[in-house]
Each structure stands twice: as structure tokens, then as C-alpha cells.
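Asks: Chain by chain, the residues run as shown.
2 protein chains.
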Amino acid sequence: MRMSTRGRYGARAMLDIALNYEKGPVSLRELAQRQELSIKYLEQLIQPLRTAGLIKSIRGAGGGYTLARLPDDINLLQIVQALENLTPVDCLNNPEACSRISKCATYDVWKEVQDSTRNILASLTLTDMVERQLQKLNEL
Amino acid sequence: MRMSTRGRYGARAMLDIALNYEKGPVSLRELAQRQELSIKYLEQLIQPLRTAGLIKSIRGAGGGYTLARLPDDINLLQIVQALENLTPVDCLNNPEACSRISKCATYDVWKEVQDSTRNILASLTLTDMVERQLQKLNEL
DNA sequence: TAGAATACCTAGTAGCATACTAGGATATCT
DNA sequence: AGATATCCTAGTATGCTACTAGGTATTCTA
Numbered sequence: 001m002r003m004s005t006r007g008r009y010g011a012r013a014m015l016d017i018a019l020n021y022e023k024g025p026v027s028l029r030e031l032a033q034r035q036e037l038s039i040k041y042l043e044q045l046i047q048p049l050r051t052a053g054l055i056k057s058i059r060g061a062g063g064g065y066t067l068a069r070l071p072d073d074i075n076l077l078q079i080v081q082a083l084e085n086l087t088p089v090d091c092l093n094n095p096e097a098c099s100r101i102s103k104c105a106t107y108d109v110w111k112e113v114q115d116s117t118r119n120i121l122a123s124l125t126l127t128d129m130v131e132r133q134l135q136k137l138n139e140l
Numbered sequence: 001m002r003m004s005t006r007g008r009y010g011a012r013a014m015l016d017i018a019l020n021y022e023k024g025p026v027s028l029r030e031l032a033q034r035q036e037l038s039i040k041y042l043e044q045l046i047q048p049l050r051t052a053g054l055i056k057s058i059r060g061a062g063g064g065y066t067l068a069r070l071p072d073d074i075n076l077l078q079i080v081q082a083l084e085n086l087t088p089v090d091c092l093n094n095p096e097a098c099s100r101i102s103k104c105a106t107y108d109v110w111k112e113v114q115d116s117t118r119n120i121l122a123s124l125t126l127t128d129m130v131e132r133q134l135q136k137l138n139e140l
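The listed protein sequences correspond, in order, to chains A and B. Just so it is clear: in the first sequence, position 113 is 113 by this note's numbering, and no numbers are missing. Just so it is clear: in the second sequence, position 94 is 94 by this note's numbering, and no numbers are missing.
Simulated from the structure, these hints should not be mistaken for laboratory data. Note that CB positions come from ideal geometry on N, CA and C, so glycine has one too. Possibly wrong hints are sitting among the right ones.
Claimed, not checked - Coverage of chain B stretches by chain A, computed from C-beta distances (three or more under 8 Å per stretch; other residues unrestricted):
hint, stretch
1, 8-15
2, 21-32
3, 36-50
4, 56-65
5, 104-112
Claimed, not checked - Examples of chain A residues toward chain B, derived with CB under 8 Å:
hint, residue
6, Leu76
7, Ile101
8, Lys103
9, Lys136
As the list claims (entries may be wrong) - Residues of chain A placed beyond 12 Å of chain B at every Cβ, according to the derived structure:
hint, residue
10, Arg8
11, Gly10
12, Ala11
13, Ala105
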């Protein structure tokens with residue numbers, strides 16, 4: 001039950017873009033610098049976020065990325081889901097993956113686990129995360 | 001956020017042993033047959049469960065495994081935790097893993113995710129799982 | 001006491017996913 | 001024109017997962 005760097009870096013990237021919402025588009029160069037991540041790797045993570053409709057890009061000099069919707073309309077589930085497989089067990093979303101489903105009690109249990117983790121992630125919006133971030137910086 | 005076969009097979013094994021609680025020890029051969037898993041792989045999964053104090057073994061002919069405690073005192077968190085790394089992100093349990101913790105708002109968020117998944121798993125006991133299993137078999 | 005049946009232990013290994021890097025094409029601003 | 005961006009495809013090392021193999025130790029039964 002581990003999260004990959006994709007989901008984590010993606011969340012950091014989205015938070016960064018949200019924090020700079022007012023200041024215009026955030027370029028990958030800035031983003032990579034602030035978040036101490038490689039541009040090339042970020043480049044790979046940012047594309048799925050774009051095709052998921054969470055950010056939009058502005059090409060050319062002075063370009064970068066901005067949120068495609070209000071921070072209130074973007075939650076962590078959407079972010080993570082765009083970047084990694086959130087299904088803990090294959091049989092949950094692919095009934096053919098296992099022939100034992102009908103008699104398997106653990107199936108129900110994993111379903112429950114999946115549902116509740118999704119609920120937690122979905123309950124956290126970018127607005128929440130921005131708030132937390134600002135509060136955290138104030139405490140330093 | 002995927003679960004490995006270790007945790008899943010381990011849960012199935014524990015449930016199987018619990019279902020046969022009255023009938024005496026369950027051998028790996030029976031277990032492997034019923035669960036359609038390889039003996040050799042099960043052998044590897046069963047050891048951590050034993051050292052975690054969830055089952056005890058009886059060696060020699062006629063031997064096998066039985067629960068080390070009452071099914072009510074064993075929950076899914078204990079089972080899964082014995083078999084795989086449940087920490088979604090390293091920094092949660094190892095502060096040196098990342099130097100950004102103090103200013104990282106996503107840290108708090110992952111912590112929340114971790115805590116709640118652990119709570120779900122901890123709330124499911126072997127007794128619950130046995131009940132579900134029996135009910136499911138009745139419905140067939 | 002032999003032998004069958006079991007658990008226990010250590011070492012391998014193929015395949016796959018992760019976490020990147022590289023190089024170039026395309027678009028836009030100044 | 002040139003600088004600064006995004007966009008796209010391919011490659012790759014490393015580590016983890018999901019096993020398999022082979023042998024040892026223990027205990028029951030005939």
C-alpha cells in the first residue's frame with residue numbers, strides 16, 4: 001500500500017500552481033526549482049494532469065501552467081487518480097481478474113478499503129491544501 | 001496505492017485458518033489447495049504471520065497452523081502489516097527521508113490518508129471476515 | 001524404528017514497474 | 001531571429017514482486 005512519487009510529486013506540483021494562482025502561469029523551470037524536482041520528470045507528470053483537465057498550459061516564452069478550474073473544484077482524488085493506479089486490488093475494477101470473487105470474502109473487504117481511501121482523498125480540495133500550506137509557513 | 005499479493009494472500013490464508021478453527025491445524029497443503037495458491041509461496045507468507053504472533057505452528061505429520069489468539073483479537077491491520085509496507089510515503093515514519101517536512105503541506109495530507117486507512121483495516125476483525133464468508137457461501 | 005508428512009530456512013531468478021534521463025519538435029513572446 | 005516555453009517519444013538502470021528450488025528439522029503412525 002505505497003504511493004509512488006508520481007502521485008506525491010503531482011500533488012506538490014498542483015499545490016505550487018495553486019499557491020501562485022494569482023501571479024499567472026507557473027513554468028516547469030520555476031516549479032522544478034521550488035519543489036527541488038527534475039524538470040524532465042515533472043514534464044512527464046504534468047501531462048496527465050493536463051489531459052485530466054486539472055490544469056491548462058500556455059505555450060511559448062512566458063508560458064507555463066495554471067489551474068483549469070477553481071481550487072475548490074479540484075480535489076486530491078482527481079490529482080492522484082490522474083497519475084497512478086489507485087485500485088488496491090485488480091479484481092475490484094476488473095471482475096475477470098479472479099474467478100473466486102463470488103465466494104471470496106476478502107473481496108468485500110478490499111472494496112471497503114478502496115472506497116474509504118477514495119473518500120478521504122476526495123474530501124481534500126486544493127483550497128484546503130493551500131490553507132494548510134499558508135498556515136504552516138506562518139508557524140515557522 | 002496498490003496492495004501486493006502478500007497482503008491479499010495472507011488475508012485469505014488467515015481467513016481459511018479461522019474458518020477451520022474448530023477442526024484443528026490447517027496444513028499448507030490443504031491451504032494451498034483450497035486457496036489455489038502455491039505451497040512454496042504460502043510458506044513464505046506464513047512465516048511473518050507466525051513471528052507476528054497471529055498464528056502458531058505444529059510441526060510434524062498431522063501438523064499445520066492454528067490461530068494464536070481468538071479471531072476477535074486479530075484484525076486486518078495486523079495481518080497486512082505483517083506482510084507488507086503500509087506506509088504510503090516514507091517521510092511519515094522516517095523524518096530524515098525528506099528535508100522539506102517542516103514546510104510541506106502534502107505531508108499532513110498523506111498522514112491523514114495513512115491514519116484513516118489504518119483505522120479501516122484495524123476495524124475489521126477475523127470474526128467479521130468469517131461472518132461475511134459464511135453469509136456469502138449461504139447466498140450461493 | 002522406518003518412513004511419511006509436515007514445518008522451517010536460505011538462496012536464487014524472471015519479469016515488471018518505478019523513476020527517472022535524453023533528444024528533439026513545436027509554439028509563442030520580445 | 002532568438003530565447004523561452006511546452007510537447008512528444010524513446011530509452012534505461014534499479015529495485016521490487018512474485019515466485020521457485022532444494023534441503024533440514026521435527027513429529028506422528030505403522
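Asks: Hint compliance check: list the failing hint numbers for this structure, sorted ascending.
Replies: 2, 3, 4, 7, 10, 11, 12, 13
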